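Residue numbering for the sequence shown is 924 to 1234, as defined by our numbering.
Don't read these hints as lab results, they were simulated from the structure. Keep in mind that the hints are not guaranteed to be accurate.
[As the list claims (entries may be wrong)] Pair by pair, the computed Cβ-Cβ distance ranges are:
no., residue 1, residue 2, range
1, 977, 1214, 40 to 46 Å
2, 1106, 958, 30 to 36 Å
3, 1184, 1231, 40 to 46 Å
4, 1214, 1106, 19 to 25 Å
5, 1205, 1117, 28 to 34 Å
6, 1188, 1141, 27 to 33 Å
7, 1158, 1135, 28 to 34 Å
8, 976, 1103, 21 to 27 Å
9, 1071, 955, 49 to 55 Å
10, 1086, 959, 36 to 42 Å
11, 1103, 1029, 32 to 38 Å
12, 1164, 1103, 25 to 31 Å
13, 1045, 1184, 29 to 35 Å
14, 963, 1106, 17 to 23 Å
[Unchecked claim] No more than 20 Å apart at the CA atoms, straight line, and that leaves these computed lysine to aspartate or glutamate pairs for DMTMM-like:
no., residue 1, residue 2
15, 1039, 978
16, 954, 978
17, 1208, 1181
18, 1106, 1132
19, 954, 1221
20, 1095, 1067
21, 954, 967
22, 949, 978
23, 1184, 1052
24, 1166, 1032
25, 1106, 1064
26, 1145, 1032
27, 949, 959
28, 1007, 1181
29, 1106, 1072
30, 982, 967
31, 982, 1046
32, 985, 951
33, 982, 1052
34, 985, 959
35, 1208, 1192
The structure presented is a predicted model; accordingly, all values stated were derived computationally and were not measured. Think of the CB as a built atom: it goes at the ideal place given N, C-alpha and C, for glycine as much as any other residue.
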Amino acid sequence: MKSGVAFVFPGQGSHFVGMGLDFFEKSDSIKALYREASEVLGYDIADLCFSGPKEELNKTMKTQPAIVLTSIACYTMLAQNGLKPVIAAGHSLGEYSALVAAGVLTLMDALSLTEKRGVFMQEAVPQGEGLMAVIIGLHREAVERICLEVRSGYVSPANYNCPMQIVIAGEKRAVEEAIKLAKDSGARRAAPLQVSVPSHCTLMVGASERLGKYFENVTFSKPTIPIVNNANAMILSNVDDIKASLVRHLNSPLMWEDSVKVIVDTRIDTFLEVGPGTVLSGLIKRINPDVRILNVQDTASLESALKALEG
924 MKSGVAFVFP GQGSHFVGMG LDFFEKSDSI KALYREASEV LGYDIADLCF
974 SGPKEELNKT MKTQPAIVLT SIACYTMLAQ NGLKPVIAAG HSLGEYSALV
1024 AAGVLTLMDA LSLTEKRGVF MQEAVPQGEG LMAVIIGLHR EAVERICLEV
1074 RSGYVSPANY NCPMQIVIAG EKRAVEEAIK LAKDSGARRA APLQVSVPSH
1124 CTLMVGASER LGKYFENVTF SKPTIPIVNN ANAMILSNVD DIKASLVRHL
1174 NSPLMWEDSV KVIVDTRIDT FLEVGPGTVL SGLIKRINPD VRILNVQDTA
1224 SLESALKALE G
């Protein structure tokens, strides 16, 4: 632990019915977090996270605060065991969890913000008109070229997740054409994603502008640790830069591969994924197989991570 630990927080797609239940059942402080969150959001978020139904949890305005709350519950358990990060980052929505961990946002403000963010995103593009797809097995330059070749509408790279795995987003017909072109170019996989909005592309400009205006109602504090942002994979420590980055991050590509490399360049060799699932652990392993990767989402994984970090 000489060089410290980077905490990374997952985004949409990591959620599942039952996430966070283990910590909730075993900790009074976690129960109190969920009670306060339910009061802020106006519905029983504990019941939604633990019992579903899945269709309700999948609604983006519910999914977003649910993942942030679960992630911060996991973070709280780590903090209670004396473990804090020296740097943090989050994948898309996960950036809000990272900002809570860094003291920039309170958890309750982050929950209200991400609920609004989900509403703004859903309203930006009518249902069924946008699409996202994952392309595996092509270099980023090849995917960028394919997006430029599409003639049926707008599509662009949305997530640079790891080497040879890029997500694209845009108008439905254009994304479908890009999928075909990617397969023709030798992609190992090119398939639509089951998401309700096309994030991280210019179709989200309207949502970005509305989110920026909403920030006027929210207090942002100076971060206690450095944050690596999604929008351009830079270390941020200034509140104005963080706000501008969150606005831009909705309508520009998510630079996750680059963000992980920036963290490694600070001589960090241990990443801890904090929150539901292990999606980021898999991506980080492909970006840099030499770093140590741990995760915490329940009691068993918490005990395993703490034991690994004792050495």
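Going down the list of hints, with the structure as the test:
no.: 1; hint: 977 with 1214: 40 to 46 Å; result: violated (33 Å)
no.: 2; hint: 1106 with 958: 30 to 36 Å; result: violated (49 Å)
no.: 3; hint: 1184 with 1231: 40 to 46 Å; result: violated (23 Å)
no.: 4; hint: 1214 with 1106: 19 to 25 Å; result: violated (32 Å)
no.: 5; hint: 1205 with 1117: 28 to 34 Å; result: violated (18 Å)
no.: 6; hint: 1188 with 1141: 27 to 33 Å; result: holds (31 Å)
no.: 7; hint: 1158 with 1135: 28 to 34 Å; result: violated (22 Å)
no.: 8; hint: 976 with 1103: 21 to 27 Å; result: violated (35 Å)
no.: 9; hint: 1071 with 955: 49 to 55 Å; result: holds (51 Å)
no.: 10; hint: 1086 with 959: 36 to 42 Å; result: holds (41 Å)
no.: 11; hint: 1103 with 1029: 32 to 38 Å; result: violated (46 Å)
no.: 12; hint: 1164 with 1103: 25 to 31 Å; result: violated (40 Å)
no.: 13; hint: 1045 with 1184: 29 to 35 Å; result: holds (32 Å)
no.: 14; hint: 963 with 1106: 17 to 23 Å; result: violated (45 Å)
no.: 15; hint: 1039 with 978; result: holds (19 Å)
no.: 16; hint: 954 with 978; result: violated (24 Å)
no.: 17; hint: 1208 with 1181; result: holds (14 Å)
no.: 18; hint: 1106 with 1132; result: violated (35 Å)
no.: 19; hint: 954 with 1221; result: holds (14 Å)
no.: 20; hint: 1095 with 1067; result: holds (17 Å)
no.: 21; hint: 954 with 967; result: holds (12 Å)
no.: 22; hint: 949 with 978; result: violated (27 Å)
no.: 23; hint: 1184 with 1052; result: violated (34 Å)
no.: 24; hint: 1166 with 1032; result: holds (14 Å)
no.: 25; hint: 1106 with 1064; result: holds (15 Å)
no.: 26; hint: 1145 with 1032; result: holds (15 Å)
no.: 27; hint: 949 with 959; result: holds (17 Å)
no.: 28; hint: 1007 with 1181; result: violated (23 Å)
no.: 29; hint: 1106 with 1072; result: holds (14 Å)
no.: 30; hint: 982 with 967; result: holds (15 Å)
no.: 31; hint: 982 with 1046; result: holds (12 Å)
no.: 32; hint: 985 with 951; result: violated (24 Å)
no.: 33; hint: 982 with 1052; result: holds (17 Å)
no.: 34; hint: 985 with 959; result: holds (16 Å)
no.: 35; hint: 1208 with 1192; result: holds (12 Å)
Hint compliance for this structure: hints 1, 2, 3, 4, 5, 7, 8, 11, 12, 14, 16, 18, 22, 23, 28 and 32 are not met, and every other hint is.
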